[in-house]
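Going from the sequence shown to the numbering used here is simple: count from 1 and add 76.
Treat the hints as calculated values from the structure; they're not laboratory data. All values derive from a computational prediction rather than experimental measurement. Even for Gly, the Cβ is constructed at its ideal location relative to N, Cα and C. Some hints here could point you the wrong way.
[As the list claims (entries may be wrong)] So the derived label-pair ranges between C-beta atoms look like this: (1) D117 to E81: 46 to 54 Å; (2) S108 to P84: 34 to 42 Å; (3) S144 to L101: 20 to 28 Å; (4) A104 to V142: 16 to 24 Å; (5) E81 to V110: 40 to 48 Å; (6) L121 to K88: 33 to 41 Å; (7) L114 to E81: 43 to 51 Å.
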Amino acid sequence: MEAAEMNPKREKFLLIASCGLVVLLSVAGIVSAVLTGLIWDLDGLTLLLSCLTIGGLFSLFLFFLVRSAGWLPGRKSSGSSCSSGDSGGPSTEK
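Sequences are here, hints too, so could you generate the full structure?
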């Protein structure tokens, strides 16, 4: 039996879903530390720092994944940059 190849769109969707899940769990960890009052203890501060670090890194990766999937507007492709001769500045024509 040969291994089944994964569709690139499905693979990207699974990456986005798993990163989103990790970010949500990090936010849930922060919220639970605040609600239980653990935030004022050394354990709570360590939990807060861990959740912020993991959530921040995964949300950054999630942002780049979503932008590369085309769900967010990104930079224009190099072929269409300034092809009309407009510099983007204010017009001087009257």
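Which of the numbered hints are not met once you compare them with the structure shown? Result: no hint breaks.
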